[in-house]
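Colleague: If you want the building blocks of each chain, they are given just below.
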Amino acid sequence: MQWLPSDEQSQLADALRRFIQRDYGFEQRRALAAAEGFSPKAWATLTELGITALLVPEAHGGLNASVQDGLQALQALAPALPLEPVLASSLLATRLLAASEASAAAQTWLPRMARGRAIATPAVFEAGEGFDAGHPGTTATRHADGWRLDGAKALVLQAQFADVLLVSARIDDAAVAWFAVSAGAPGVSLRPYALLDGQRAADVTLAGVHLAADARIDTAGHGGALLEDLRALWLAALCAEGVGLLQATLDATVAYLNTRRQFGQPIGRLQVLQHRAVDMWLEIEQARSMALLAADASTRVDERHGACLLAAAKARVGQACRFVSQQAVQLHGGMGMTDEMQVSHWFKRLTVIELWLGDSDTHLQQVARGLIAA
Amino acid sequence: MDIDLAPEHAAFRTEVRAFLAAALPAQIRRKMLCGSRLEKEDLAGWQRILHAHGWGAPNWSQDYGGTGWSPVQQVLFDEECARAGAPPQLPFGLKMLAPVLMRFGSEAQRRTLLPDIASGAAWWCQGYSEPGSGSDLASLKTRALRDGDDYIVTGQKTWTTLGQYADWIFCLVRTDVTAKPQQGISFLLIDMRSPGITVRPIITLDGEHEVNEIWFDAVRVPVVNRVGEENQGWTVAKYLLGHERSGIAGVGIVKRDMARLKDIVARADAGGRRLRADALFAVRVAQLEIDLLALEATQLRMLQHAGPPGPESSMLKVLGSELQQRLSELLMHAAGERALPFGLAVGAAGAPATLHQEDQLLGAQYANRRKLSIFGGSNEIQKNILARALGL
Chain A
1 MQWLPSDEQS QLADALRRFI QRDYGFEQRR ALAAAEGFSP KAWATLTELG ITALLVPEAH
61 GGLNASVQDG LQALQALAPA LPLEPVLASS LLATRLLAAS EASAAAQTWL PRMARGRAIA
121 TPAVFEAGEG FDAGHPGTTA TRHADGWRLD GAKALVLQAQ FADVLLVSAR IDDAAVAWFA
181 VSAGAPGVSL RPYALLDGQR AADVTLAGVH LAADARIDTA GHGGALLEDL RALWLAALCA
241 EGVGLLQATL DATVAYLNTR RQFGQPIGRL QVLQHRAVDM WLEIEQARSM ALLAADASTR
301 VDERHGACLL AAAKARVGQA CRFVSQQAVQ LHGGMGMTDE MQVSHWFKRL TVIELWLGDS
361 DTHLQQVARG LIAA
Chain S
1 MDIDLAPEHA AFRTEVRAFL AAALPAQIRR KMLCGSRLEK EDLAGWQRIL HAHGWGAPNW
61 SQDYGGTGWS PVQQVLFDEE CARAGAPPQL PFGLKMLAPV LMRFGSEAQR RTLLPDIASG
121 AAWWCQGYSE PGSGSDLASL KTRALRDGDD YIVTGQKTWT TLGQYADWIF CLVRTDVTAK
181 PQQGISFLLI DMRSPGITVR PIITLDGEHE VNEIWFDAVR VPVVNRVGEE NQGWTVAKYL
241 LGHERSGIAG VGIVKRDMAR LKDIVARADA GGRRLRADAL FAVRVAQLEI DLLALEATQL
301 RMLQHAGPPG PESSMLKVLG SELQQRLSEL LMHAAGERAL PFGLAVGAAG APATLHQEDQ
361 LLGAQYANRR KLSIFGGSNE IQKNILARAL GL
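Residue numbers (the working numbering), protein chains in the order written: chain A, 1 to 374; chain S, 1 to 392.
These aren't lab readings, by the way, just hints derived from the structure by calculation. Mixed in with the good hints there might be a few duds.
What the hints assert, rightly or not - Computed spacing ranges between beta-carbons, pair by pair:
1. S:Asp4 to A:Glu58: 40 to 46 Å
2. S:Gly310 to A:Ala35: 20 to 26 Å
3. A:Ile372 to S:Ala353: 26 to 32 Å
4. A:Ile372 to S:Arg193: 52 to 58 Å
Said to hold, decoys possible - Stretch-level coverage of chain A by chain S, calculated; a stretch enters the list once three of its residues show a Cβ under 8 Å from a Cβ in chain S:
5. 14–27
6. 253–267
7. 290–298
8. 342–349
9. 354–367
Glycine is no exception: its CB is placed at the ideal position from the N, C-alpha and C atoms.
Start from the sequences, fold in the hints, and give me the full structure.
Modeller: Here is the structure:
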């Protein structure tokens with residue numbers, strides 16, 4: 001277990017913090033969220049900093065860094081609430097393609113993604129089915145020169161900016177397979193929207209989308225394993241990002257308590273508020289420990305132990321997200337309710353993290369079932 | 001759910017487990033695992049066994065006859081001992097006084113006192129709290145008046161854990177009533193056989209005699225028994241409070257209790273069947289498991305930081321005490337009404353003879369564990385310390 005960041009991880013985190021300070025301040029991000037929801041300039045800078053190449057294998061022009069490196073970068077970026085697809089493309093889609101390196105999709109897209117020239121995003125959720133279903137309603141049917149995709153995906157992150165969607169679908173033997181679908185392909189239509197936290201997503205309809213035979217990503221028929229790995233990495237990423245946001249939220253709250261004066265003194269002198277801030281800190285330190293365990297477990301999720309650790313981590317981090325975000329708004333008083341305070345934006349992202357891929361109660365019950373089975 | 005240890009730590013843990021399996025007397029183990037009362041000889045005898053193996057002082061450097069273990073090794077040792085059902089080593093001499101003597105004591109104090117602490121030959125207790133000085137320790141009033149080569153000590157200490165067995169007590173006393181509260185305090189070592197000392201039991205809500213009041217009526221204490229300079233006792237006391245790091249989280253105790261909880265759930269009787277069918281109970285157990293994992297990982301993570309412990313001691317104290325309390329609560333609820341008979345005599349050997357008798361101890365244990373968030377600096381005091389560390 002690596003409990004402390006490596007020198008390289010610290011250096012990249014520092015560089016990302018400088019980027020936030022210079023190019024991605026709260027007001028810049030707020031304006032961006034109200035407008036197009038994506039900054040080509042910021043994406044170019046993130047590319048220069050190596051974020052898009054981080055997890056891409058060397059053979060495809062990447063830096064071949066570890067999952068832990070990617071998660072530490074995501075954690076450092078978290079307070080900026082990036083609207084660009086760092087999570088969806090540079091972590092999740094990149095790992096998915098890298099796990100099928102021999103596929104035509106990986107050969108085509110990974111080098112472009114590494115250079116920041118292409119964006120990919122996983123399309124897995126379905127209305128009514130959710131993420132966990134190993135039996136997606138979306139179907140892929142074989143025909144003479146390839147595949148035909150039919151179905152609908154929901155909550156596809158940054159789909160409106162993506163060049164390629166990585167779509168999970170059921171094939172004839174009921175197994176899960178993965179397909180690279182160009183965003184502009186005939187039969188693909190998007191219904192874009194913003195999420196509670198301002199980042200963009202879309203519902204995607206796939207109506208008779210024709211794909212070439214080599215569009216299938218899981219060339220070795222390991223689509224089920226890819227789904228498991230994707231879910232594990234996503235959980236670990238939510239935990240890592242959550243910790244970065246939680247710390248920023250606490251720091252801002254402490255600063256506010258020391259600044260805001262009532263009854264002739266900073267309200268941070270009041271013991272009830274001091275202890276509340278300490279309770280937030282205690283939650284965060286536990287979440288930080290669990291996020292590190294999750295990062296470690298995400299690379300060996302095939303073991304039942306790993307899956308249980310991930311559920312435990314998501315439950316604990318999610319509980320911290322809920323408590324800390326609620327208390328941060330409370331301790332900011334009326335100001336915490338306003339759109340002009342950054343804490344209200346962190347509150348919304350922390351809420352999204354708590355709900356995404358199953359809320360704390362869902363994961364708590366999964367741990368409970370695991371204990372009974374043990 | 002377990003955390004992977006580094007190979008050298010895993011090997012160390014294996015060594016500790018093997019030792020415990022061979023050396024821990026079955027009768028002591030049985031009492032510990034059931035939560036029965038331990039006699040003085042149970043605690044002293046176990047310390048002698050550890051000392052004979054060279055492990056009498058796990059937190060000391062080898063220069064003083066300790067094991068020279070790293071902080072991680074110390075934590076793993078405490079944890080394995082607790083899981084196996086070994087009695088806790090008394091912290092008063094080993095973990096509280098000894099580091100103070102190493103830092104502030106005279107050569108003669110170190111030479112004469114440390115060996116008896118490691119071997120268990122001398123039983124120490126702590127004289128800090130007074131009836132009017134709990135969280136506000138610096139307001140203490142026990143007086144020490146200089147009279148030639150002696151101090152004459154008069155006053156009262158309280159909450160003295162296992163003081164009824166003690167050979168020695170280390171005390172904070174007031175040597176200057178005119179200075180500011182923190183600046184008129186000295187740190188004295190007092191022989192409990194001195195004329196003028198009276199020990200009175202305090203019976204706690206679980207019916208046990210664990211703590212005492214100690215009265216000092218013109219007790220003569222040689223000046224050479226002072227540790228550090230006169231009126232510098234507060235510095236010594238703060239050093240002591242800031243140096244108790246290992247074992248503070250009680251991870252091993254929680255793991256032992258968790259195993260016991262699962263034993264109760266696994267029983268073939270109606271009680272076990274009821275618990276296994278209770279989805280809410282399963283979720284409560286899962287939450288405790290998760291919080292235990294978070295505590296254990298947080299403790300390991302914080303041990304990576306070099307240097308003296310800072311606010312993390314307060315953090316681990318709050319988290320660990322609350323977790324132990326929640327577990328004792330769930331254990332009692334698992335036993336239900338069976339936990340309610342109180343103060344019954346247990347089996348002849350001092351340990352329960354039946355499962356039913358084991359369950360009867362859980363109500364008293366639940367009551368006893370409420371102390372954890374009060375002693376050693378109440379959790380509210382710990383949060384005051386943490387708030388300052390946050391910059392509030």
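Colleague: A separate judgement is required for each hint: does it hold in the structure or not?
Modeller: Hint check:
The hint said 40 to 46 Å for the Cβ distance between Asp4 of chain S and Glu58 of chain A, and at roughly 28 Å that hint is violated. A hinted range of 20 to 26 Å is violated for the C-beta pair Gly310 of chain S and Ala35 of chain A, which are about 45 Å apart. The hinted window of 26 to 32 Å between Ile372 of chain A and Ala353 of chain S holds, with their beta carbons roughly 30 Å apart. The given range of 52 to 58 Å is respected by Ile372 of chain A and Arg193 of chain S, whose C-beta atoms sit roughly 57 Å from each other.
Proximity of the segment 14–27 of chain A to chain S, defined as three or more residues with a beta carbon under 8 Å from a beta carbon of that chain, is not established by the 0 residues found. Under a criterion of three residues with beta carbons nearer than 8 Å to beta carbons of chain S, the stated coverage of the segment 253–267 of chain A is upheld, 3 such residues being counted. Requiring three or more residues with a Cβ within less than 8 Å of a Cβ of chain S, the coverage given for the segment 290–298 of chain A holds, as 4 such residues are present. For a cut-off of 8 Å, the count of residues in the segment 342–349 of chain A with a CB near a CB of chain S stands at 0, and the three-residue condition is violated.
Coverage of a stretch by a chain is defined here by at least three residues with a beta carbon nearer than 8 Å to that chain's beta carbons; for the segment 354–367 of chain A and chain S the count is 3, and the condition holds.
In this structure, the hints that do not hold are numbers 1, 2, 5, 8, in rising order.
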